[in-house]
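Starting from the structure of chain A, add chain S where the hints point.
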Amino acid sequence: MTNTKIVSPKQDLIFMAILSVVVLTMPIWLQPFGAAYPDLMQKFMIFGIFAIGYNILFGLTGYLSFGHAAFLGVGSYTAVWSFKLLSMNVIPALIFGTALSGLFALAIGFVSLRRSGIYFSILTLAFAQMSYNLAYSVLTPITNGETGLQLTQGDARVLDRMAGIEADASLPTPNLFGIEGIGYSGFYICAALLLISFFIYLRIFRSPFGLKLRAIKSNQNRMGYTGFSTRPYLMTAFVISGMYAGLAGSLLAVTDPLAGAERMQWTASGEVVLITILGGVGTLIGPLLGAGIIKYFENIFSAFNETVLLNAFSFLPDWLAHPVAAVVGLFVGEGWHLTLGLVFMLIVIFLPGGIMEGISRLARLITNRNKAEPKSGAHENKEKEQASAGEV
Amino acid sequence: MDAIFLQILNGLDKGGAYALIALGLTLVFGTLGVVNFAHGAIFMMGAFCAVTVEKILTLSMRVRDESVTFFEAYKETPYLEVWFGDTGKAIIDWSVPLSIILAIPVMLLIGIVMERSLIRYFYKRPHAEQILVTFGLAIVLQELVKSFFGANPLPQGAPDIVSGSAAIGAVFGLGEAVVYPWWRLIYLAFSLVTIGLVFSFLHFTTYGMVVRAGMADRETVELLGINIERRFTIVFGIAAVVAGLAGVMYTPVLPPDYHLGMDFLVLSFVVVVVGGMGSLPGAVLAGFLLGILQSFSSMTEVKDIFPGIDQIIIYLVAVVILLTRPRGLMGRRGVMES
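Chains as they are written, first to last, in UniProt numbering: chain A, 1 to 392; chain S, 1 to 338.
Isolated chain S (complex conformation):
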């Protein structure tokens, strides 16, 4: 029972990341009709926003080490700590959550620049060419990141206060022994909030309503005198922000390296396809579903029966879905069904 509970949590947590990336992918597909293979790279760049912020905050100077008395010893101390003492230390400790402040404008900018300078010329070109050009872009972005940050994973710490584990078992009446890392719980909550925000933006604001109208019937919206293209550009920016934030928050879970994006891209594409191309609820549902399936299949009991199932379960589900219900779990009838 405990194990199952933990696996569900694990799955929700992983599913949160899948859902956030897939949400952006499917949003871009639903609005612009573009298959964006560079979306994983955007996720990766979000993660490296956190790395950059941490690097800036910990810029260091050499300070005399007072604890060593019999010769002159120096140690590297961040400027923030020298200037502000404990407050500075706390700021550095909170670098990952603080990165969000930087990541939002940066990712929005990256998204809009990407859309205006490249993606918009590919609206009318076949999907294959969209895949190819964004695949090229993904390679370029990841190589740029590699040349600036190196090829090794760069671990980022969560703030000390949430770096331990929560005795979550007690809350659900499963005993004190069932614990779960705080940061992963925060990640789950964060992904739910972000998903909620995106949905309320699309459903409860006029702007979002127009965007949805444009997704359903672009021409009519344009005939009403609305510049739908500009709104879609903003939507692309929002998709980039969502993926970027997912990346920022994921850094304490998985140390980012330059090919993080490619690893997640394939998975999130599978998520989008399972959920239905262009369907937002589908992407979220499929994200969590596949996350949970993946963590269940990595239980030893399951692996004993089907060896290796944890490695292939997601793809297996995708194959079954594509063959039996090509529009995905929640895809609209007639959209991309061939």
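In isolation and in its complexed conformation, chain A is listed as follows:
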């Protein structure tokens, strides 16, 4: 499982270049999949950022946090407040959103990281639930409760007013010096931020710091015996991943300037866990894949309704089409979460390493077969190799 392959910085740069091309050309190659519209692609980017940040904590150190949605929520609220008070420019919103979630993570991490294992999970869960409950009740002046925090015509927007930009009749949209935060331009803002945060994430993975985090995962006691105090490293990882979540939250506010408390609920924290596990915990690119796949299928599956299904199964005889459509209907549309839950269970049971493990298993199987092929009569040998590949 542990990937000890040495990767040269040059290879990393090539990898980054490929990733950039893949991400930036998304509007083109997603066309055949019917996913090339900006809203969805923005979601890919935003949840990608959220998931890679989460992977820094869960993937590298093995600390399972069930409260990361709180940071996402804080990021969103801060960004919307920045739009309201300072400026519609996204830069202050992103900076404040990220920084404030970082501070918030510092406070929560300071307490939660005193415990490990399931206690850590429950502590983070407790803090997230507290923030969620408070956002709904006492903090209503800040969060606007159930309605959610929205922009209004009469917001202060001090910096914008100073620069002489006055809002006209319609509500202003978040922008980056005039580039709007919605539509394709919004996607490119998100994509740029994803690439920047992925580069930082890659550097963390390759750094001695990342290695120490992995050491904490494999054996925290031994780490202590060799003279490392693990707490500061865990703390740093926790804060970094909180900041990633905050960045994702502020981006959510950039693409749609509305923040609600339901973003902080613990099932929302569960979602990022799902994404990370599905893609592959602790792998470099897995969380990105997971975010893409989950958001894509969420979008595609939720769109199915009964009429669409009946059309799809119209090639069947009438008496069969209705029951089949009804059964399939359980799993799509409203029932999309059912499919998600099932897939997630299957992944945890059979493929704890997620999709990335599946890919590497397949790759190993194929290379083993190719190696064994030239030697005729090495049938036994080949089987043995496959068996050992299956065990890993």
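None of these hints come from the bench; they were simulated from the model.
Don't take each hint at face value.
[To be verified] Capping the alpha-carbon separation at 30 angstroms, the derived lysine-lysine pairs in DSS-like fashion look like this: (1) K124(S) / K212(A); (2) K55(S) / K146(S); (3) K146(S) / K89(S); (4) K55(S) / K217(A); (5) K89(S) / K55(S); (6) K146(S) / K75(S).
Leaving out everything else, chain S in the frame of chain A:
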């Protein structure tokens, strides 16, 4: 004084539900060593047992409405009422208590199937993976319930005879004005009885004794030639029954909907942690304690001093306990203390 008395009752009542769910959770953890995030979903399925029974009992046919004379009017009347008259009406009225009869075998079956088909493969896997797979299971169960029963809460009535309020103040010398709903009193009594039953099962039967021995030292019990795994499976079933019954009886208090389980899961986990993982008396004590704390903190006098305290008190207690005494109030020394 009256207010305090009522808050204590309120808290005991809420605490009864917490204690029942937490009891099952901690029992499963103590025996199988599994952290079961699907336990809330079991509670929710118990509640929907009551809904199902009510649905079956009120299956209706169209009957001519005799009170309307100048045109033909029909109204939906349950078969039971058509066939048995007032007896049928009474049966429908008592649907929630009657559901218990159905819920016991159904929940036992659900528990055993769940344990044999999924949980047993996770004994040896890390807690994180147990949490994840049972979290997935919880999502699946709640979505199934949602697709069959819809997303809206389905109110269930308590039997008419106990749907009013009891003049409980008179009993305790607090005056006639202090009243409390009958059904909540019944719920409290029911939870105490159930807790008592579980404890006497574990302490006064040979079967229970073996289970406790297995909790303390599994290997030795196995070496004595006892199939401890089968007994633990039964214990899982019992935990499911306890949670399920807690759900059935809770339906008149809170109309069940599909995410009822998730709401209670987090709370009951906190209860288990406060009481001590694997400690049964701890779970009961912490359940009632947190219930009472929660109702006291929702008094206006308290809320004036600490705004919002009622929303966070339980989590706050959990944080304090975990930081100062990680094994919980009554946890055994050395169990899950890291």
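A quick look at each hint next to the structure:
1. K124(S) / K212(A): Distance ~27 angstroms between K124(S) and K212(A) Cα, so the pair holds.
2. K55(S) / K146(S): 15 angstroms, holds
3. K146(S) / K89(S): 29 angstroms, holds
4. K55(S) / K217(A): Given pair K55(S), K217(A) is violated - Cα atoms ~51 angstroms apart, limit 30 angstroms.
5. K89(S) / K55(S): Holds. K89(S) to K55(S) sits at ~14 angstroms (cutoff 30 angstroms).
6. K146(S) / K75(S): Between K146(S) and K75(S) the Cα gap is close to 28 angstroms, so the pair holds against 30 angstroms.
Comparing the model with each numbered hint stated earlier shows that hint 4 is the single one that does not hold.
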